[in-house]
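Participant: Given the structure of chain Z, go ahead and fit chains G and R onto it with the hints provided.
Residue numbers (the working numbering), protein chains in the order written: chain Z, 1 to 333; chain G, 1 to 529; chain R, 1 to 212.
Derived by calculation from the structure, the hints in this document are not laboratory data. Treat each hint with caution, since some may be false.
[Unchecked claim] Here are the in silico distance ranges between beta carbons for each label pair:
(1) Z:P43 - G:I316: 16 to 26 Å
(2) G:A22 - Z:K295: 51 to 61 Å
(3) G:A22 - R:H189: 49 to 59 Å
(4) G:A341 - R:H189: 35 to 45 Å
(5) Z:T144 - G:I286: 52 to 62 Å
(6) G:I286 - R:H11: 51 to 61 Å
(7) G:I316 - Z:E262: 36 to 46 Å
(8) G:L86 - R:P74: 39 to 49 Å
(9) R:H62 - G:W177: 27 to 37 Å
All residues carry an ideal CB built from backbone N, CA and C; glycine is no exception.
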Amino acid sequence: MVKSALALAVLTGLFASPALAQDLPKLTIYTYDGFAAEWGPGPGLKAGFEATCGCEVSWVAADSSIGTLRRVQLEGDATEADIIVGLDTAIAGEARATGLFADHGLTLTDLALPGEWTDTQFVPFDYAHFAMMYDTDTMTTPPTSFEELIALPEDIKITIQDPRSSTPGFGLVLWIKAAYGDRAKDIWAGLKPHILTVTRDWSESYDLFLSGEADMTLSYTTSPSYHIIEDGDDTIKAALFTEGHYPQIEVAGVLKSSDQQELAKQFLAYLVSADGQQIIPHTNWMFPVTDLGDKLDPAFAALPQPEKTLGFSDDEIAAHGREWIDEMLAAIQ
Amino acid sequence: MLTLPNRRIRIAAAITLAAAIAILIALVFWAILAAATEGSVGSRVDIPHLLRMTSIQAGLTTILSLLVGAALAWAMNRLRFPGRDLVVGLFASAIVTPGMVVAFGLLSIWGRNGWINRASEALFGFPLGNPAFGLSGILLAHVVLDGAFAARIMLARLDAIPSARLKTGQSLGLSPWQRFTLLDWPALRGTVPGLAAIIFLLAFTSFPIVLMLGGGPANQTLEVAIYAAVLQDFDLVGAVYLAATQITVCSLVILAASALAPIPTSFGASVAPRWRDAGLARALQIVVLGLGLIGFVLPLLSVLLDGFSSGMDRIIARPEFWWAAASSLLIGSASALLTLALALTLALGRGATGSGPLRTLLGMPAFAYLAVPAVVLSLGFFLLVRQVGLAPSAAAPFVVVIANSLLALPFAMATLGPPLEAIARTRGKLIRSLGLSGWRQFISVEYPLLGRDVGVMLALAFCFSLGDLGVIALFGTQDFQTLPLMMFRALGSYRGNDAAAIAAILLLGTIVAFLALPKLFERLAHAAR
Amino acid sequence: MLRVEDLRFAHPGQAVPYQFSLLAHAGEVTSVSGASGSGKSTLLDLLGGFLLPISGEITLDHENLVPLPPEQRPLSLLLQSDSLFDHLSAASNIALGLPRQTSKAQAREQIAAALAEVGLDGLSGQQAATLSGGQKQRVALARTLLRARPILLLDEPFSALDDETRGVIRDLVRTLTIRHRWHTVLVSHHADDVEALASRRYVLRDGVLMAG
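Bound conformation, chain Z alone (with noise of 0.2 Å):
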């Protein structure tokens, strides 16, 4: 037991919180931990904004995106968050109806957004649309809808995550539902042969899908070009469907309850700004949102994106999500 206690004693030392600049105003931000990686957008954006805002930026990280809002709820006035970084769009209406956030006051006219941005409370800061992956060394021509892709035979495997646990999961479902209605359940049902699996996270779908265990995936558009820009690899691309797409758009958020509103503004103008939007491409794999012009990845700028894109409003997706998820759940069980 000595041992232990001094095991504990060096632990503790070693996972304090590093030392705090002093005096400093302190930023901290809740996220989701990819977002904070060594390699995700996290340290960089840390870097980038400390530099001109005399402040110490903390990095929080749950593990999802939904975790940060649940803890947020948890802690109520007394979180030490001033903003969170990383919900997304279709979890925005429930996070607006807890009335925790405050006003960006930002103007976001022009954005590279897929339509307008009129929110008040989140600040979108990355996008894609969310798509089936597919590799051209053994597909030579992917399918170019759902009805298509429910017409190949039934050994075409895909994987797809499970809409209760996974964002990628519940915008599949919101796509689904978008583009086809009241047939969304003959959707899934004619989908339910070629789902090798239904996974919790994104990550274990996209490996099932790289290993080659499944024909397609549910991914990003955007994808593709982290294999061509980190492994030089082109042969994995997102098949485009004609009844369009959905996408995923990340957005952060003010507190309420912080103390540090004006520095937290501040942090989400950086984030929407050229500076800040430079660094998520290459860390999130996901589009900017605002033009970078050549500042932007050819691998990026080159991806094909949709014609048409989808979307419900957050009153929608707050009225009727559980009931498409339980929809979708019965059409495939």
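Facilitator: Relative to the frame of chain Z, chains G and R by itself:
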């Protein structure tokens, strides 16, 4: 029982600890209920369906794992070959390797694009099919994880059959079947209830594997529903209700397992005479071992190959990797020592009492922890820490150490429990008549006889703690990263190669721990004789 | 006649090998005594076939036993303890001494006879774990009877017994040895056991077996 030494302190300590664990779990639930202010959304879960599916899956997993484990232990006990220790180490390491790693290892062997199907395609021109998904996939993965663990525990019992008994048996010329039923089975029987309970609970609560290989929502566990209730619906009351359902079912299993009173196994240092089974039995042993190697060792081997062929240099060049490795080592060591203390306290207490109900009571809390859904624990611990007034990020390492120790506790009990009971029962009279104090009983009787088991247990707990971080999902772990966490983060950011490299390193560390720790402690304990 | 001739064996790391030579006649008890650690157990293991010698011979009436595996050696073992399987009944323990193809009726008859010969009538159904020390050794002897092997190896068989039982079991061993013409080898460090039973005595000193 008059033959048992009177050990009031041991029993009292064990009762206190068991109560403390039960209280901790109660506090977790209370903290969640206290935080749940809003009205419940109402559960949307078809509980009877989920319970039925999960029970079928977990029941099949348990039966298959025990059968496979017993067969492997039987074959390994008889066969001597170079690298046997390594194979034993590999078997043991399966259960503590993160489930995802094993699942991907399995797929690279058994999957559509795996070695077996590709070999078959090259040889015969067609693939053999894909057993790796659906119920068969879940069972395959679980049996690899849990069957190997069962084999490790059972092998330890077989290797501990007293040599006098083996000599008698060999000189009587027992047939292989008689040898199994007369010598092996009585030694194995004691491990079955504990193992069955553990394996059932693991399979019942298995989350990532079931979701990944299950094929769809038909093969799901209650844990998924609980996860959704907490994170998606934020229906905390519903989550507690679901968690209580899961705990109730699991407790019934644990009770049933405890009711099958374990047969005290004989205990003795084993210098096994070279007693080979004849003919058919030996051939069967070689076949079992061969299948075991293909089923268990190849997937792990593929993880190692995969990891060392991709991105290893890139990952070890990162300072973050070394920080994470250091954190993992510290967390693992601290948890292992804490687990040892907890398991000894409980097991010594259990061994010291002859009362059935008390023994069950002392065993339950250790298992109960395994029955509590990870997301509920995570939430509960988070709320508790806040209520105590600690900063979650500062408390995170301690919570991880405590949570991992509790998680490893049933495994530690399964390792240390049977030999301790056997000692209490076979040497009890002697100890009693000598009037040894509890401390001397431990130092001069139990510890020297337990050395190897202590090593195995420490290796188990150490590697378990390398592998699990689910409990601090909400804590905000920016500066506190361990290797498994780093691996999952890499996997979530397209960096499959980095993840593969970390997985290989984790697996390697696990194997080394399982090879080295039992030997080390056997030597230490030997010095104490 | 059981003859052990210049049998040598060394445990790993043992510099000077053990050296055993011994003669044992049918119908007689031959004793081997010596301080603990002198090599008694090693000799028994060599005779039983659990260890293989470096050199030397073990012959029974000129047949070499060294190449035979333990189960084929013409001998029975009676150890200090652990000779019985605790969870089986006395009868089942004894039945292990019968050839496998023995019919049930025949087995029952032979077991009853053997139990009677060792003085344990009516105990056949009792579980071994609940037998007394003396009863256990009687059951083990009954099993030896059914096996009908010409050599009986005894390893401190009386140590766990009280004085009175000890005398009775000793007498039983002597009677059975004479009646069945066994070559009985008794390993013991109890002078009175040796005194009471052995007609030929050996002592182990510094790893060498000498006529005592």
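Participant: If you check each hint against the structure, which ones fail?
Facilitator: The structure breaks only hint 6.
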